[in-house]
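Student: For the sequence shown, this note's numbering gives the first residue as 1, with consecutive numbering after it.
Hints are computed from structural coordinates only; laboratory data are not their basis.
What you are looking at is a predicted structure, and each value in this text was computed from that prediction instead of being measured.
Take these hints with a grain of salt, some might be off.
Using 25 Å as the maximum straight-line C-alpha spacing, the simulated BS3-like pairs for lysine-lysine come out as follows [as the list claims (entries may be wrong)]:
hint	residue 1	residue 2
1	K96	K109
2	K96	K61
3	K77	K96
4	K56	K96
5	K72	K61
6	K77	K109
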Amino acid sequence: MIQGHPTSGAEADRDCPVPLATLGEIYRAEPEDLPDLLDALPVETRAKLAGYLYAKSHTHKLGLVVARTCGKDDLTKALGEIGAVVHGQAHLPPPKPVQAAPAAPQARKISLGGSGSKRSFD
């Protein structure tokens, strides 16, 4: 029997420290609205949410954004030693954009027939 994931009425993961509706609001929030949403959460909940999001590949970056709103001590208290790591990563400078390698010069077309002026068809 094949089991599918529910597409509506889904329940939040038991490890998620916030209700599903709150998680959805945070996930869909515009970057400029996110600080207000996060400020409404208690610091301990925010720290746990940072760890929860950080641990998932598709929300890893969002977890770092949430972690930036927490102190190192708060993250360490909520997440243990990994909290210090998350705090450190959250406060790293953003990576420089990767520049594309310069394009190779255009190859000249090579003719095996030689120059047309040297041909003699007499």
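Student: Indicate, hint by hint, whether the structure satisfies it.
Tutor: Hint-by-hint comparison with the structure:
Simply put, K96 and K109 have alpha-carbon atoms about 38 Å apart, too far for the 25 Å limit, and the pair is violated. Taking the CA atoms of K96 and K61, the gap is near 16 Å; set against the 25 Å cutoff, the hint holds. The hinted pair formed by K77 and K96 fails the criterion: a straight-line CA distance of about 32 Å is larger than 25 Å. A threshold of 25 Å between alpha carbons decides the hint, and for K56 with K96 the separation of about 24 Å falls inside it, so the pair holds.
Only pairs whose Cα atoms come within 25 Å are accepted, and K72 paired with K61 is accepted, the gap being roughly 17 Å. The suggested pairing of K77 with K109 is violated, with an alpha-carbon distance near 67 Å, which exceeds 25 Å.
The structure shown violates the earlier hints numbered 1, 3, 6.
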